[in-house]
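J.: Chains as they are written, first to last, in the working numbering: chain A, 65 to 356; chain B, 5 to 413; chain C, 15 to 317.
There could be a bad hint or two in this list.
Stated by the list, open to error - In silico EDC-like cross-links for lysine to aspartate or glutamate, where the CA-CA straight-line distance does not exceed 20 Å: (1) Lys295(A) with Asp67(B); (2) Lys69(B) with Glu279(C); (3) Lys78(A) with Glu211(C); (4) Lys131(B) with Glu303(B); (5) Lys161(C) with Glu181(B); (6) Lys104(B) with Glu309(B).
What the hints assert, rightly or not - Quick look at which bits of chain C chain A covers, simulated, 3 or more residues with Cβ under 8 Å: (7) 148-157; (8) 290-298.
Rather than coming from a laboratory, the hints here were simulated on the basis of the structure.
Please read all numbers here as calculations on a predicted model, not as lab measurements.
From the three backbone atoms N, C-alpha and C, an ideal C-beta is built for every residue, glycine too.
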Amino acid sequence: MTSTVPKNKKKLSKRITAVIVTVLLWAFAAFWFAPIFWMLSTSMKSTAAAVIETPPQWIPQNPTLENYKIIFAPSGGLSLIRATLNSVIVAVSSTLATLVLSIPAAYALSRLRFRGRMLIFWIYVAVLAFPAVLFLIPHFFIINGMGLSNSYLSLILPGLGGTFGVFLLRQYMLDIPRELEDAAWIDGCSKFRFLISIVIPYIKPAMLVLSLMTFLGSWNSFLWPLLILSKADKFTLPIALIRFSAGWGDPYRGIGPMMAGAFFSVAPSLIIFIVFHRYLMKGISLGSLGKE
Amino acid sequence: MRKLMVMVLALVLAVGFSFGITITMMSPLTGADGAYMDEIVARFNEEHSDIEVVHVVVESSLDMKNKLSMGIASKTAPEIMFIRKFDMPLYLEHFKGFTKEEWLENYGIDTDDIFPGVLEGLVVDGKVVGIPLDIWLFYMAYNKANFAKVGLDPNNPPKTREEFISAMEALLPITPEGLTPYYENPAWTWIWFHLLWQHGGEVLTDDFKAPAFEKAGIEVCKLMLEMQDRGILPMQVADPGVSFQSGESSVLITGIWTIKPWMEQLGEDFGYAVAPQLGNTKAVFGGSHVLAMPAVMVEDPKVLEAATTFIKYLWDHAIDWYEAGQTPARKSIAESEELKERLPHIYAVSQDSEYVRQFQMFPLISEIEAEIAVYLEEILVLHSMSPEAGMKEAAFAVQEILDDYWSRN
Amino acid sequence: MRQSHSKSPRSFRREVGSWLFLLPHLFFFILFVAVPLVFGLIISFFNWSLLKENVFIGFNNYVRTWNDSRFWPTVQHTVIFALISVPLVIIVAILFAHILKKKRFGQLWLLVAFVSPAFFGSVGILSSWKWIFASFPSGLANYYLDKVGLINNAVSWFGSTSVAWGVIILVTVWWIVGFSILLYLGALQRIPPEQYESAKLDGAGPWKRFIYITLPWIKSVLFFDVVRQAILAFGLFDQAYILSGGGPAGTTRTLVYYLYLVGFERQDFGRAAAISWYIFAIVLIFAVIQLVLVTKSIRSTEG
Numbered sequence: 065m066t067s068t069v070p071k072n073k074k075k076l077s078k079r080i081t082a083v084i085v086t087v088l089l090w091a092f093a094a095f096w097f098a099p100i101f102w103m104l105s106t107s108m109k110s111t112a113a114a115v116i117e118t119p120p121q122w123i124p125q126n127p128t129l130e131n132y133k134i135i136f137a138p139s140g141g142l143s144l145i146r147a148t149l150n151s152v153i154v155a156v157s158s159t160l161a162t163l164v165l166s167i168p169a170a171y172a173l174s175r176l177r178f179r180g181r182m183l184i185f186w187i188y189v190a191v192l193a194f195p196a197v198l199f200l201i202p203h204f205f206i207i208n209g210m211g212l213s214n215s216y217l218s219l220i221l222p223g224l225g226g227t228f229g230v231f232l233l234r235q236y237m238l239d240i241p242r243e244l245e246d247a248a249w250i251d252g253c254s255k256f257r258f259l260i261s262i263v264i265p266y267i268k269p270a271m272l273v274l275s276l277m278t279f280l281g282s283w284n285s286f287l288w289p290l291l292i293l294s295k296a297d298k299f300t301l302p303i304a305l306i307r308f309s310a311g312w313g314d315p316y317r318g319i320g321p322m323m324a325g326a327f328f329s330v331a332p333s334l335i336i337f338i339v340f341h342r343y344l345m346k347g348i349s350l351g352s353l354g355k356e
Numbered sequence: 005m006r007k008l009m010v011m012v013l014a015l016v017l018a019v020g021f022s023f024g025i026t027i028t029m030m031s032p033l034t035g036a037d038g039a040y041m042d043e044i045v046a047r048f049n050e051e052h053s054d055i056e057v058v059h060v061v062v063e064s065s066l067d068m069k070n071k072l073s074m075g076i077a078s079k080t081a082p083e084i085m086f087i088r089k090f091d092m093p094l095y096l097e098h099f100k101g102f103t104k105e106e107w108l109e110n111y112g113i114d115t116d117d118i119f120p121g122v123l124e125g126l127v128v129d130g131k132v133v134g135i136p137l138d139i140w141l142f143y144m145a146y147n148k149a150n151f152a153k154v155g156l157d158p159n160n161p162p163k164t165r166e167e168f169i170s171a172m173e174a175l176l177p178i179t180p181e182g183l184t185p186y187y188e189n190p191a192w193t194w195i196w197f198h199l200l201w202q203h204g205g206e207v208l209t210d211d212f213k214a215p216a217f218e219k220a221g222i223e224v225c226k227l228m229l230e231m232q233d234r235g236i237l238p239m240q241v242a243d244p245g246v247s248f249q250s251g252e253s254s255v256l257i258t259g260i261w262t263i264k265p266w267m268e269q270l271g272e273d274f275g276y277a278v279a280p281q282l283g284n285t286k287a288v289f290g291g292s293h294v295l296a297m298p299a300v301m302v303e304d305p306k307v308l309e310a311a312t313t314f315i316k317y318l319w320d321h322a323i324d325w326y327e328a329g330q331t332p333a334r335k336s337i338a339e340s341e342e343l344k345e346r347l348p349h350i351y352a353v354s355q356d357s358e359y360v361r362q363f364q365m366f367p368l369i370s371e372i373e374a375e376i377a378v379y380l381e382e383i384l385v386l387h388s389m390s391p392e393a394g395m396k397e398a399a400f401a402v403q404e405i406l407d408d409y410w411s412r413n
Numbered sequence: 015m016r017q018s019h020s021k022s023p024r025s026f027r028r029e030v031g032s033w034l035f036l037l038p039h040l041f042f043f044i045l046f047v048a049v050p051l052v053f054g055l056i057i058s059f060f061n062w063s064l065l066k067e068n069v070f071i072g073f074n075n076y077v078r079t080w081n082d083s084r085f086w087p088t089v090q091h092t093v094i095f096a097l098i099s100v101p102l103v104i105i106v107a108i109l110f111a112h113i114l115k116k117k118r119f120g121q122l123w124l125l126v127a128f129v130s131p132a133f134f135g136s137v138g139i140l141s142s143w144k145w146i147f148a149s150f151p152s153g154l155a156n157y158y159l160d161k162v163g164l165i166n167n168a169v170s171w172f173g174s175t176s177v178a179w180g181v182i183i184l185v186t187v188w189w190i191v192g193f194s195i196l197l198y199l200g201a202l203q204r205i206p207p208e209q210y211e212s213a214k215l216d217g218a219g220p221w222k223r224f225i226y227i228t229l230p231w232i233k234s235v236l237f238f239d240v241v242r243q244a245i246l247a248f249g250l251f252d253q254a255y256i257l258s259g260g261g262p263a264g265t266t267r268t269l270v271y272y273l274y275l276v277g278f279e280r281q282d283f284g285r286a287a288a289i290s291w292y293i294f295a296i297v298l299i300f301a302v303i304q305l306v307l308v309t310k311s312i313r314s315t316e317g
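Model the full structure from these sequences, guided by the hints.
T.: So, in structure tokens, the structure goes:
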């Protein structure tokens, strides 16, 4: 470790390495993200042009917003804007409701003591193994029986029984150091206070991830809304976009509008993600309490 | 923000305040097809102030079936189904049927005008349970410019097996490497069924208790293998449409629904003709969209009347629909001058309509199709089985499915 | 750990208080998860469709599935897929999480690139990928691979079993790694950097640092992710259905594909329920095995 190399040179070579690594990472990231670029690029070409171009054009020669016009034209009593609004209402409500239900439940399963705690936890985990599709039919009859078919509630309620969020939050809560809890106990803090003022800030990244997952799960959800909704005014975005999806035969027939629809469907989530990424990056600093 | 809320409110009110009866029609039509139907629906709604038709699109047969089953069980199904004929067998008893006379006298729909091959399977207990609106016939699309380049007559496309094979071989020199003149997916089962019927075969026996395709199936596989050997047909799984549209490949035998976009794409270079007869039996593959009403949804006479009014409208204005790229289900239209003038390409292809063959109306036909596909791929894509062995295995597999079905029905 | 069964009102109240936290969620769980599962179990013993009389047939659905020559190959395919893809996704996710942890120029865009595909719905993604892996020479993959000289002829990407699975695995990893990255990122950020410093001073290499410092901190999250990935892997459907159509020759059919093919295509919901219980059992066994292995290896590194 003796160095005859002057300090400045060492610093410089470190810097250069860092820059090279960053550039390489950028190149790799661009390569990784290529299919999305391609989706965006194709959405701005007319289908005819998109289908036959060789060599592939990453930047369209004749960029056009025609496809976006197509998907926004109201058709057959449906409106993409209406469908988007429905999707937003349902997704936001689902996310909030899921958080409100899952946080206390996760808290109970991770840090509270009561009989049957582990049994319930393992049941919660085990049911995740069941293929989601089979819940469709019983949900249909339950919601119909409650007289809620064709309502926003019909899209929000069934998902609230999901155990995925509880599982995730519980895992994050497990890592809260015992010392914190003991300190709070000594201060006479109630369980509820502890949950609100200590636990929740601690699991913020997990909450954010759960929110994103729930929001997107609801946003992209297709099979269930398709089944339960019979009136077009409550249709959500994925249903409205079927019009532009591929049919059999020649799946490339409508690739322009299809990519436009796909990209439109993604844009809101991307925006939310970009807006909230700072919270993801901030992380938690609880000083150096060490691990459990 | 406020403007948006007002707009939304207006929309909600508009929908809520539509007087008269609202009818939902569910169809699998996406893209341009769907847009055509939307236009027809819009015109109908304008002309009929007391009926509003809402057109809902569900493309996948599977999703549609789930929705239809649950809709029928809970009385929330659409009032009209614009349904692919091969998806119907499970539901035949649940559709509203009328006798031929009732259809004619009460609703002005002459079911005798429909091609017999297309109406077949839609009659239950003497009642016609659905009105086919169209046939998606197979036709041959070809590139006239490419034909001319190799000395073939662009206005005289091949009609028989020999003509077809020699024409394809003539096209080999101008076909780029990695492609074939007839660049179709050999694993696409519909081509195989099309050829199966052209070789006098059928999928199942008439009583649906056993497979019936083994012998003719072997012939078809041998034909396709021969085409592969000669470089006419791809040896591997292929994605067809694009190379035809770019002019690199020259011929496709496929559904009529492609005719409009390809005509627009290739312009003068686009040639169309009835599908060549590559076997010993005159036949051509076809499917249909059928208009059917779930019986539980039209118990109310007013609803029934509204639904049948729309069906009659489509029946009368069918040519508007065929423009999207379908051939008529009605003999009178297929032979009419109006069709000849308005849609000469549709007219030309529909001359084959009386030879149309469709899937047998057996509830598990899609599953059987999927199993046959597995063995077709063994034979034609993986080249790991001979036609004889592959077809035998396929027959076994199909028999398994049939036994399963009949053991509980 | 178990509380003594003291009937003191204090501990009773405490226990009730604890239950109260769980109750709201439990209510929805019972209504929308437990009841449907029981319902599914019951109808699996029936010839149950919505369109005709429902007939009790005992174990017939289960027997028929067990004897179906199409079923076991799909089990095999799905298990192998899970064995390959689950570790792969986790390794890639942890790797990317490490990369993204450091503050870098343009960190946001790196994050977007690696994580955002997880936000996209299946249809748009898979249509894009199908386009990329088209079989004709001008398909994106074929075009560039040919240009670079890695292949000579256009490849039919779904024409051979191993290549088809390769594509499916590639697309799957690309698609779902995003959420896992976020999970690990959240966990990695809690590790005090001093621990790494002192380990470096002690001369520990990156691998040792990972095993002894990083791993214990992300244990709980890893547990969660393994379970989640296993479940996702066994639920593989969209990629098999849209990209390869279950082919060639049915060799990319997965368990859920089979469920759709035989259960839902036939609208035979009793059969669908029985198949689902098979899937449930298989997933459970697989997840348990994986978990035991993971916890064992973590325990062994803890010494």
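J.: Confirm or reject each hint.
T.: Tested hints:
1. Lys295(A) with Asp67(B): holds, 16 Å
2. Lys69(B) with Glu279(C): With Cα atoms ~8 Å apart, Lys69(B) and Glu279(C) stay inside 20 Å; holds.
3. Lys78(A) with Glu211(C): holds, 18 Å
4. Lys131(B) with Glu303(B): holds, 17 Å
5. Lys161(C) with Glu181(B): Measuring from Cα to Cα gives roughly 15 Å; hence the hint holds.
6. Lys104(B) with Glu309(B): holds, 17 Å
7. 148-157: As far as the segment 148-157 of chain C goes, the hint holds, because 3 residues have Cβ atoms under 8 Å from chain A.
8. 290-298: With 5 residues closer than 8 Å to chain A, the segment 290-298 of chain C meets the three-residue bar; holds.
When held up to the earlier numbered hints, the structure conflicts with none and fits them all.
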